[in-house]
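Residue-level listing of the chains:
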Amino acid sequence: MAKKKRNEDAQLNSEISIEQRETEGLSLGTIVRRRFLAHRAAIASLIALAVITLLAFTSVGIVIGGNGSLITDPNTGRLAVDGFRVPGWWTYNWYENYDILNPGGTPTMTLWPFSPGEHPFGQDTLGKDIFARVMRGTQQSLTVIFLVGLISTVLGVVIGSVAGFFRGWLDSLLMRFTDTIIIIPTLVLGAVLGRTFGGNAWSLGILLGLIAWTGLARLVRAEFLALREREFVDAARVAGASNFRIIFRHILPNSIGVIVVNATLLMSAAILIETSLSFLGFGITSPDISLGQIISEYNEAFKTRPWLFWYPGLFIVVIALAINFVGDGLRDAFDPRQRRLPRTDGAIQDLKRLIGKRRAGK
Amino acid sequence: MSEDKRTIIEATGLSVDFWVDGEWIMAASGVNFSVGPGEVLAIVGESGSGKSTSAMSLLGLLPVNGRSAGSVKLRGEELVGADKARLRQIRGKEIAAIFQEPMTALNPVYTIGFQIVEAIQVHNSGMTNAQAKSKALELLAMVELPDPEKAFNSYPHQLSGGQRQRAMIAQSISCDPLLLIADEPTTALDVTVQAEILNLLRELNKRLNSAIILITHDMGVVADLSDHMIVMKDGLVVEAGSTIDIFKRPAHQYTKELLAAVPHLGTVSVAELRPRDGSATPSLKMEALNIEYPKRGKVPAFLAVKDATLEIYPGEVLGLVGESGSGKTTIARAVVGLMPIKSGQLEVAGQKMVGVSKNDLQAVRRNIGIVFQDPGSSLNPRWPIGQSIQEPLLLASQSPKERNDRVGELLDMVELPKSYRNRYPHELSGGQRQRVGIARALALNPKLLVADEPTSALDVSVQARVLELLQEIQKKQQFATLFVSHDLAVVDLLSDHIAVMQHGVIVEQGSKDQILRNPQQEYTKRLIAAVPVPDPEEQAKRRQASRNSK
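Quick note, the sequences are listed as chains A and B, same order.
Numbering follows the numbering used here, in which position 133 of the first sequence is assigned residue number 133; successive positions increment by one, without gaps.
Going from the second sequence to the numbering used here is simple: count from 1 and add 362.
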């Protein structure tokens with residue numbers, strides 16, 4: 001049915017002449033989407049993120065529900081995680097010990113001829129499969145990152161924009177509330193709450209999201225204070241727009257640059273906060289794994305078994321970079337003034353000019 | 363003395379290009395001029411004609427993507443291609459500039475005195491602080507600031523617009539420059555203040571025996587100040603010669619058009635006022651209206667409009683004139699419900715605006731359209747203009763198809779191509795943006811249009827077209843218009859009735875004829891006399907007259 005509808009649409013579109021198509025109104029969303037799709041780095045990063053997410057979740061499977069502790073399966077006598085286990089396509093899992101294949105547990109992956117081998121990322125001293133551990137860690141870290149990003153952005157934007165737009169007592173109230181949260185160190189608050197509400201990725205992500213929005217709220221408020229005085233806001237008000245519409249449709253798109261940059265920074269920082277909390281034993285706690293926790297767990301084996309750091313480190317870097325590029329692409333897509341200019345000064349241009357002169361001289 | 367008679371600056375074949383989207387775009391080409399001591403050269407043209415860029419290239423102040431070629435000689439010294447250190451020495455010392463907006467050209471966190479002393483000491487490193495200060499005070503006195511000592515210790519925001527521009531002039535003449543580039547020096551000022559600044563510039567020019575390059579789009583200012591002028595269009599000089607010659611016998615078609623586009627005060631034939639229909643109710647009715655800016659922190663409440671009484675009937679245009687700070691914009695904002703009313707009566711399209719409920723306000727706003735002053739800020743920069751225009755329609759809950767058709771219609775009405783609806787405001791010129799603003803204001807066929815200085819940010823010829831358009835639409839649709847402006851000539855062109863405001867009070871109102879041809883109040887007379895006439899001889903006569911009367 002949907003396909004048929006699409007066919008009809010296509011037909012209709014082909015019937016509209018070029019001129020008409022040019023005068024067809026495009027919504028802001030369409031234009032932003034087109035500009036975003038034209039941003040190569042952002043699209044590549046988005047694909048990379050999607051591939052990593054897919055890989056992490058399908059390879060070792062997931063656990064739904066349960067308290068996350070390890071139990072012995074009475075039927076097989078093997079270790080298992082409490083909760084409903086959806087298995088993945090990777091034969092090993094992250095909590096069992098296996099026989100050590102290569103001496104010292106070095107990675108079995110060879111690049112030429114390419115073959116992953118049994119334990120591509122290597123094994124630790126107990127024989128645990130590092131690939132499975134990194135995948136599970138990536139799952140957990142991604143969950144934390146996106147929960148923090150989503151919750152703190154929504155909270156920060158709503159609180160900041162309401163405070164900046166309405167000013168007066170509402171502003172004072174919200175900003176004093178923000179101050180209260182700012183003065184408590186994130187790490188202490190995270191540690192106390194993390195201890196109380198259990199050590200899995202969901203609860204940690206939600207908790208961090210609930211305390212990390214303060215900086216964003218301040219920035220958004222400042223943007224709103226400046227933008228609410230612009231004439232287009234008055235124009236919208238005269239057109240009969242409600243406060244809600246002015247906040248979310250008029251002013252917010254104009255402060256998207258600040259919001260996106262800050263949200264991506266927050267998400268990158270979330271990895272580090274999660275790592276430090278896990279290191280202190282308050283974040284994602286054993287037997288579950290996060291990327292930060294893997295690094296802190298193996299920190300004494302840095303010289304002897306470096307592969308224990310390579311892969312979790314690589315995934316942290318790739319995820320953080322990809323998020324930043326996507327943020328960059330979003331910011332550019334929302335900024336209609338974005339244009340590129342070739343530079344006419346600077347070292348490279350001087351060099352080019354020099355070469356050009358030499359060539360002309362010959 | 364013979365040395366001083368030499369030409370100060372001479373440009374031959376000056377051209378400026380900009381690197382845009384992968385190619386060099388010509389901004390100005392083949393510009394020739396020379397200015398001697400005590401002379402004023404005016405460069406006239408619309409925005410984008412290359413007048414500012416040619417002048418800025420004299421200072422070597424082009425953006426990174428610009429380049430200049432040709433020859434510019436300052437007292438025989440070549441400036442194009444001169445090294446950066448030498449150009450920096452020349453800037454401020456030998457060539458100084460006055461910019462359009464004194465508020466942004468002065469640094470808001472330093473006092474006026476500090477900034478002038480800084481400019482003096484940069485170029486005279488041997489001068490002590492005390493010497494520099496006394497020199498600065500001397501300069502402030504020279505530009506006729508009422509209390510130089512006080513101005514010296516003031517921050518830019520503590521001075522009025524005219525005083526800031528004087529301080530700016532004091533700063534730029536601090537090193538006795540040979541050449542002063544004045545880039546639209548009076549555009550941001552009121553007419554009466556403009557007249558004073560122009561007088562000041564003329565006197566300084568004679569006294570210091572320096573040269574002035576005046577960049578402006580205002581023909582009145584050109585007629586008032588300059589000896590020679592060049593007219594630029596699309597980067598080319600279309601006409602050059604003495605000001606009197608060009609005003610009397612413009613040779614080029616473009617110059618003729620430009621001169622014709624200037625609204626002349628008092629040349630519009632006065633049509634008989636149409637008698638009002640006895641049964642008609644006014645679209646806007648104001649009685650003893652007081653508007654107050656409420657108290658904020660330590661700033662006391664400020665009564666911006668006192669006891670205002672106005673009436674506008676359907677099909678009429680009322681021009682509201684006054685200097686900045688006189689409260690005319692406040693009235694406009696109160697009419698559309700953006701300012702709370704302290705006391706009095708205000709009735710818009712039959713709806714009482716005092717104590718209006720939220721729903722009624724929403725309803726009455728469908729009958730009001732407003733065109734704002736600054737087309738750059740009145741359109742949402744992140745929205746394509748089609749979306750901006752259809753917003754009132756959307757909020758009046760029309761269907762997407764209706765909205766789409768109406769946007770096409772409105773774009774036609776303001777003579778913009780329909781394909782523009784997907785463009786962003788920054789892709790349009792100022793005049794085009796203002797047309798979009800008009801289209802948005804008229805989207806719901808309002809009964810009352812409030813136009814708050816709709817053309818003050820536009821070039822003369824663009825202004826003429828926008829005003830013509832507005833007039834045409836108004837004639838066709840017969841809505842009432844409240845036209846707020848500081849430009850008497852524009853008001854003269856458009857309105858049936860005029861109200862003059864000063865310090866929040868309407869000092870005089872009546873039909874256009876009564877106000878402009880037979881003003882009763884001293885203030886109105888002064889306002890009319892201050893408007894520069896785009897005719898050099900007439901202007902010279904007036905100057906003589908005002909000097910004699912002093």
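None of these hints come from the bench; they were simulated from the model.
Yeah, the Cβ is synthetic: ideal placement off N, Cα and C, and Gly gets one too.
Be careful, since some hints might not be right.
[To be verified] Pairs of lysine-lysine, BS3-like flavour, derived with a Cα cap of 27 Å:
1. B:K763 to B:K809
2. A:K352 to B:K446
3. A:K357 to B:K446
[As the list claims (entries may be wrong)] The following residues of chain A were derived to be distant from chain B, with all beta-carbon distances above 12 Å:
4. P107
5. L227
6. V233
7. I251
8. L252
9. G356
[Stated by the list, open to error] One side only, chain A facing chain B, incomplete, derived with CB under 8 Å:
10. T178
11. D179
12. F232
| query | Taking each numbered hint in turn, which are not upheld by the structure, reported in ascending numerical order? | reply | 5, 6, 7, 8, 10, 11
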